[in-house]
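2 protein chains.
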Amino acid sequence: MTHDGRNDVLRPFPDQRHDHDACRSEALAQVVAACAERGLRLTPLRRRVLELIWSSHTPVKAYDLLDRLRREHAAAAPPTVYRALEFLVEQGFIHRIESLNAYIGCSEPEQAHQGQFLICDSCGDAAELSDPDIAAVLRRKAEMLGFQLDVCTVELKGRCARCETAAG
Amino acid sequence: MTHDGRNDVLRPFPDQRHDHDACRSEALAQVVAACAERGLRLTPLRRRVLELIWSSHTPVKAYDLLDRLRREHAAAAPPTVYRALEFLVEQGFIHRIESLNAYIGCSEPEQAHQGQFLICDSCGDAAELSDPDIAAVLRRKAEMLGFQLDVCTVELKGRCARCETAAG
DNA sequence: GCTATAGATGTAATAATATAACATTTGCAA
DNA sequence: TTGCAAATGTTATATTATTACATCTATAGC
Numbered sequence: 003m004t005h006d007g008r009n010d011v012l013r014p015f016p017d018q019r020h021d022h023d024a025c026r027s028e029a030l031a032q033v034v035a036a037c038a039e040r041g042l043r044l045t046p047l048r049r050r051v052l053e054l055i056w057s058s059h060t061p062v063k064a065y066d067l068l069d070r071l072r073r074e075h076a077a078a079a080p081p082t083v084y085r086a087l088e089f090l091v092e093q094g095f096i097h098r099i100e101s102l103n104a105y106i107g108c109s110e111p112e113q114a115h116q117g118q119f120l121i122c123d124s125c126g127d128a129a130e131l132s133d134p135d136i137a138a139v140l141r142r143k144a145e146m147l148g149f150q151l152d153v154c155t156v157e158l159k160g161r162c163a164r165c166e167t168a169a170g
Numbered sequence: 003m004t005h006d007g008r009n010d011v012l013r014p015f016p017d018q019r020h021d022h023d024a025c026r027s028e029a030l031a032q033v034v035a036a037c038a039e040r041g042l043r044l045t046p047l048r049r050r051v052l053e054l055i056w057s058s059h060t061p062v063k064a065y066d067l068l069d070r071l072r073r074e075h076a077a078a079a080p081p082t083v084y085r086a087l088e089f090l091v092e093q094g095f096i097h098r099i100e101s102l103n104a105y106i107g108c109s110e111p112e113q114a115h116q117g118q119f120l121i122c123d124s125c126g127d128a129a130e131l132s133d134p135d136i137a138a139v140l141r142r143k144a145e146m147l148g149f150q151l152d153v154c155t156v157e158l159k160g161r162c163a164r165c166e167t168a169a170g
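Protein chains in written order, with our numbering: chain Z, 3 to 170; chain R, 3 to 170.
These are calculated hints, taken from the structure and not from any lab test. We put the beta carbon where it would ideally sit given N, CA and C, even for glycine. Check the hints yourself; a few may be wrong.
Derived DEER-like restraints, expressed as beta-carbon distance ranges [unchecked claim]:
| no. | chain 1 | residue 1 | chain 2 | residue 2 | range |
| --- | --- | --- | --- | --- | --- |
| 1 | R | 77 | Z | 85 | 23 to 29 Å |
| 2 | R | 81 | Z | 41 | 48 to 54 Å |
| 3 | Z | 40 | R | 63 | 24 to 30 Å |
| 4 | R | 114 | Z | 110 | 31 to 37 Å |
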């Protein structure tokens with residue numbers, strides 16, 4: 003279930019007026035816990051980059067992160083950001099959206115997984131699915147073809163329900 | 003059926019020793035026909051870029067195309083290549099592989115469609131599927147979520163059957 | 001507490017990918 | 001044959017990402 007009490011599968015997009023502070027805090031807490039469990043160092047930089055990514059549900063670009071980071075950390079340079087992103091992606095704390103060259107917080111950071119993404123062209127928000135039916139059909143097709151499947155990139159563009167409604 | 007007489011769905015990867023000249027020629031001919039039908043200009047530049055992309059089943063990067071184009075066309079510059087790519091993608095004659103920043107010839111250029119891609123990390127080749135089951139499950143999930151689906155990016159990385167066999 | 005070390009960060013430069021803006025040329029329709 | 005729209009040429013720049021090496025910092029073993 004999501005923060006607003008509705009079913010995840012049916013409402014992957016965050017509610018327009020959801021408590022985003024709580025949303026971000028929860029994600030951060032899960033990452034803190036995962037790092038403790040795995041013996042990883044969530045340094046101030048890494049943590050700050052993660053917070054900035056979680057500032058919204060819109061995928062963030064590396065250089066936008068860099069600009070924001072520089073306001074509070076003059077030494078920030080491209081490698082600063084890319085290293086933090088690399089760490090966060092490797093650990094499954096964020097995902098990279100290939101078709102946008104952008105990054106978004108993972109909604110289930112505690113266990114590694116491969117999600118699928120719905121990306122609204124209208125509001126820019128992205129929602130993560132972990133849909134077993136999609137995963138299963140991809141696995142099945144790959145297997146039929148003798149293809150040893152490793153990474154699945156599934157990025158679906160369109161218009162989210164909220165924007166669709168708003169547009170009438 | 004493919005050029006080697008086997009079922010497409012079961013063998014999307016080209017045979018190692020397939021007649022690639024014939025493979026490329028067929029694709030070119032289909033594009034020529036589609037352009038004639040749609041009243042589009044397949045200029046020498048566009049045609050040449052398409053030929054270069056079809057020189058293998060490995061997705062090609064824009065600047066690799068540029069390097070090759072320059073050998074025979076001194077005036078070639080980034081916009082030369084990107085414009086040709088834009089035309090070819092818009093018309094569905096090639097596809098962009100988002101996770102590689104690279105381009106590959108479309109195996110069914112006559113009708114617009116959205117494929118799915120299997121990309122072998124070992125040999126680099128990519129194969130296109132037009133799998134109705136994958137398309138259907140994505141459509142169904144999007145609909146359940148009230149998401150107005152537009153573009154589907156499905157890129158599956160792993161190891162193709164040939165490389166899997168070769169690796170023992 | 002020291003100190004060696006691995007991991008993290010700083011710093012400068014550059015590589016790789018892509019687009020903007022405007023000039024010129026070309027194909028084709030009126 | 002000429003005028004326009006589309007295509008290409010040309011220069012510059014924007015955006016995204018990595019390399020290479022220097023320095024700092026946390027911490028494990030002494």
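Quick check: which numbered hints come out false for this structure?
1, 3
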